[in-house]
Amino acid sequence: MIKMWKEFSKGLWKELPPFRLVLGLCPVLAVTKTADGGLGMGLAVVFVLTLSNLLVSLVRKIVPPKVRIACYIVIAASLVVAVELLMQAFAYTLYQKLGIFVSLIVVNCIILGRAEAFASKNPPHLSVADGLGMGLGFTLSLTFLGALREIFGYGTLFGVPVMGTSFKPFSFMIEAPGAFVCLGMLLGAMNYFTNLQRRRKGLAPRGNPAHECGSCGLCQGGK
Amino acid sequence: MRPFTPLLTVSCAPHVHCGRTTRSMMLETLVVLIPTVILAVINYGLPALRVMALAGASAVAVEALCARIMERENETDDLHGLLTGLLLAFLLPASAPWWLVVAGSAACIILGKAIFGGIGGSPLCAPCVGWAVLSISWPELMDTELTLLSANFAAPLHQLKHFGFMAVEDMPLLDALLGRQIGGLGAVQVLPLLLAGLWLMIRGHIKPLIPVGFFLGVILASLCFHLPGPDEYAPPLFHLVTGGTVLAAFFLATDNGSSPVFPIGVLLYGLLAGVMLILIRVWGVYPDGAPFAVLLANLAAPLLDRIRPHPFGTRKEAA
Chain P
1 MIKMWKEFSK
11 GLWKELPPFR
21 LVLGLCPVLA
31 VTKTADGGLG
41 MGLAVVFVLT
51 LSNLLVSLVR
61 KIVPPKVRIA
71 CYIVIAASLV
81 VAVELLMQAF
91 AYTLYQKLGI
101 FVSLIVVNCI
111 ILGRAEAFAS
121 KNPPHLSVAD
131 GLGMGLGFTL
141 SLTFLGALRE
151 IFGYGTLFGV
161 PVMGTSFKPF
171 SFMIEAPGAF
181 VCLGMLLGAM
191 NYFTNLQRRR
201 KGLAPRGNPA
211 HECGSCGLCQ
221 GGK
Chain S
1001 MRPFTPLLTV
1011 SCAPHVHCGR
1021 TTRSMMLETL
1031 VVLIPTVILA
1041 VINYGLPALR
1051 VMALAGASAV
1061 AVEALCARIM
1071 ERENETDDLH
1081 GLLTGLLLAF
1091 LLPASAPWWL
1101 VVAGSAACII
1111 LGKAIFGGIG
1121 GSPLCAPCVG
1131 WAVLSISWPE
1141 LMDTELTLLS
1151 ANFAAPLHQL
1161 KHFGFMAVED
1171 MPLLDALLGR
1181 QIGGLGAVQV
1191 LPLLLAGLWL
1201 MIRGHIKPLI
1211 PVGFFLGVIL
1221 ASLCFHLPGP
1231 DEYAPPLFHL
1241 VTGGTVLAAF
1251 FLATDNGSSP
1261 VFPIGVLLYG
1271 LLAGVMLILI
1281 RVWGVYPDGA
1291 PFAVLLANLA
1301 APLLDRIRPH
1311 PFGTRKEAA
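Residue numbers (the working numbering), protein chains in the order written: chain P, 1 to 223; chain S, 1001 to 1319.
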């Protein structure tokens, strides 16, 4: 039970999918214009991720390693089609809002990443906990980012006006560049708070990743 | 006990320099921009002075705040922040409300400078970043023609956009040179900007090939449109003296951190910015896209920097 809780809770902060693992950025950037778009997308991912982790974990011993990726894709695709049909039946406005990005959950890095990195090596109950935790972390991140962009970009939160009448919408936030800037700022803020925590514990703050000469290639690294 | 005095002092490489510092370069740029500021105040009145003062002050304040948060040395005294704020103000309409100016300055300093590690680290020209954020967010407040209806100047670029060249054919050149046209409050003071730019070019503060390439690009691209359709498209001279062409060529495109280093790349960079400017004016939705043209050229700068001279004393690599 403790182990399950550990797998569940790591997705909520320590390995928060979009902000810590920096995975699944396509929906993070595309559907977070509003908070409810982010929430709906997140819930769809929770459903797919939990069930795909469960199924992958169940079949992990009978699938030959050579064709495992194809199997994961088939599993994820079937689940995504199920989500799509359910959305069309019960939440058609949300389905129209998310558009192509629901189908694109199939190729979301998180689904494949968790299947490959976790579910294919662990028993079903841990995989479900992992999928739930990761999915929930993803949902919370998307909703938070969506709320942030919606508040500044439209002056509303879940469609309710919150900024008063004299507020002029800061439309930059709901445009494509605003998504990148917002995501970058959030990543920066998370690193800042991590360093603040580390300092409080008396540890040295984590520095920036070292820029190696090889990554640029302009001068062949002094060769 | 005698204090320890070392016999030899060891320090890093440049041991002899001409005394030019960032501060002195920025100070000189600010001083040569004073005539532009004065002409802007003459043409647009005190609201222009208000926008410029507010933009400069808020840019410096935001920079100091960023330095505090990022625990870096406060380097606002190199005047780069002040210059950035002033150049942003040059792009704004004189009627801009105070919060628009402050938001623009903050966007300039935070998105265009601080997050890349301060002066020289940014791949984009900082005032252009602030202008782009503002004109995407609040286009109705940034539209110079809409907000300056009370001014009795012509709006050459807007008329060109909506009615073709016939509508603005008889606009006197001197009016445009002396800033009697509607546009960014400093960007349209063409004559003092031109003189200031030439002075900086002679003094070697800016790479001369950038404005040369920029003007060449504007002239060539506008000729391509003007020669086949003289009634609809404006001739090169019109494009040179209207809108923000001169400001972009001498002060925005020449930002040292975001422009290429080597001569061929620099010339191509200028050409690219100039051609983009005409393309935006002719086909784009913006009547004057000078800052966008500079931003697009900025993005090409790292690629253009790969065209560089052969290092002395090395053999050519076998391909």
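Derived from the structure by calculation, the hints contain no laboratory data. These numbers come from a predicted model, not from an experiment. Errors might be hidden in some of the hints.
[As the list claims (entries may be wrong)] Result set (SDA-like, lysine to any residue): computed pairs, CA atoms no more than 25 Å apart in a straight line: (1) P:Lys168 to S:Phe1292; (2) P:Lys168 to S:Ala1053; (3) P:Lys168 to S:Arg1072; (4) P:Lys66 to S:Tyr1286; (5) P:Lys61 to P:Leu43; (6) P:Lys168 to S:Ala1167; (7) P:Lys201 to S:Glu1140; (8) P:Lys168 to S:Met1070; (9) P:Lys168 to S:Ile1219; (10) P:Lys168 to S:Arg1050; (11) P:Lys66 to P:Glu116; (12) P:Lys201 to S:Ala1053; (13) P:Lys168 to S:Leu1141; (14) P:Lys14 to P:Lys168; (15) P:Lys168 to S:Glu1140; (16) P:Lys168 to S:Trp1098; (17) P:Lys3 to P:Lys168; (18) S:Lys1161 to S:Asp1143; (19) P:Lys97 to S:Lys1161; (20) P:Lys168 to S:Val1285; (21) P:Lys168 to S:Pro1047; (22) P:Lys168 to S:Ala1106; (23) P:Lys168 to S:Glu1071; (24) P:Lys201 to S:Glu1232; (25) P:Lys97 to P:Val22; (26) P:Lys168 to S:Arg1068; (27) P:Lys66 to P:Val106; (28) P:Lys10 to P:Leu43; (29) P:Lys14 to S:Met1070; (30) P:Lys168 to S:Ser1095; (31) P:Lys168 to S:Ala1057; (32) P:Lys201 to S:Ile1069; (33) P:Lys3 to S:Ala1106; (34) P:Lys121 to P:Arg198; (35) P:Lys201 to S:Val1285; (36) P:Lys201 to S:Pro1047; (37) P:Lys121 to P:Ile62; (38) P:Lys168 to S:Ala1061.
The hints, checked one at a time:
no.	hint	result
1	P:Lys168 to S:Phe1292	holds, 23 Å
2	P:Lys168 to S:Ala1053	holds, 23 Å
3	P:Lys168 to S:Arg1072	violated, 33 Å
4	P:Lys66 to S:Tyr1286	violated, 54 Å
5	P:Lys61 to P:Leu43	violated, 29 Å
6	P:Lys168 to S:Ala1167	violated, 35 Å
7	P:Lys201 to S:Glu1140	violated, 50 Å
8	P:Lys168 to S:Met1070	violated, 29 Å
9	P:Lys168 to S:Ile1219	violated, 39 Å
10	P:Lys168 to S:Arg1050	holds, 21 Å
11	P:Lys66 to P:Glu116	holds, 13 Å
12	P:Lys201 to S:Ala1053	violated, 44 Å
13	P:Lys168 to S:Leu1141	holds, 10 Å
14	P:Lys14 to P:Lys168	violated, 37 Å
15	P:Lys168 to S:Glu1140	holds, 11 Å
16	P:Lys168 to S:Trp1098	holds, 13 Å
17	P:Lys3 to P:Lys168	violated, 49 Å
18	S:Lys1161 to S:Asp1143	holds, 13 Å
19	P:Lys97 to S:Lys1161	violated, 35 Å
20	P:Lys168 to S:Val1285	holds, 22 Å
21	P:Lys168 to S:Pro1047	holds, 21 Å
22	P:Lys168 to S:Ala1106	holds, 17 Å
23	P:Lys168 to S:Glu1071	violated, 33 Å
24	P:Lys201 to S:Glu1232	violated, 69 Å
25	P:Lys97 to P:Val22	holds, 24 Å
26	P:Lys168 to S:Arg1068	violated, 29 Å
27	P:Lys66 to P:Val106	holds, 20 Å
28	P:Lys10 to P:Leu43	holds, 18 Å
29	P:Lys14 to S:Met1070	holds, 24 Å
30	P:Lys168 to S:Ser1095	holds, 16 Å
31	P:Lys168 to S:Ala1057	holds, 23 Å
32	P:Lys201 to S:Ile1069	holds, 20 Å
33	P:Lys3 to S:Ala1106	violated, 47 Å
34	P:Lys121 to P:Arg198	violated, 32 Å
35	P:Lys201 to S:Val1285	violated, 54 Å
36	P:Lys201 to S:Pro1047	violated, 52 Å
37	P:Lys121 to P:Ile62	holds, 13 Å
38	P:Lys168 to S:Ala1061	holds, 23 Å
The structure does not agree with the numbered hints 3, 4, 5, 6, 7, 8, 9, 12, 14, 17, 19, 23, 24, 26, 33, 34, 35, 36 stated previously, though it agrees with the rest.
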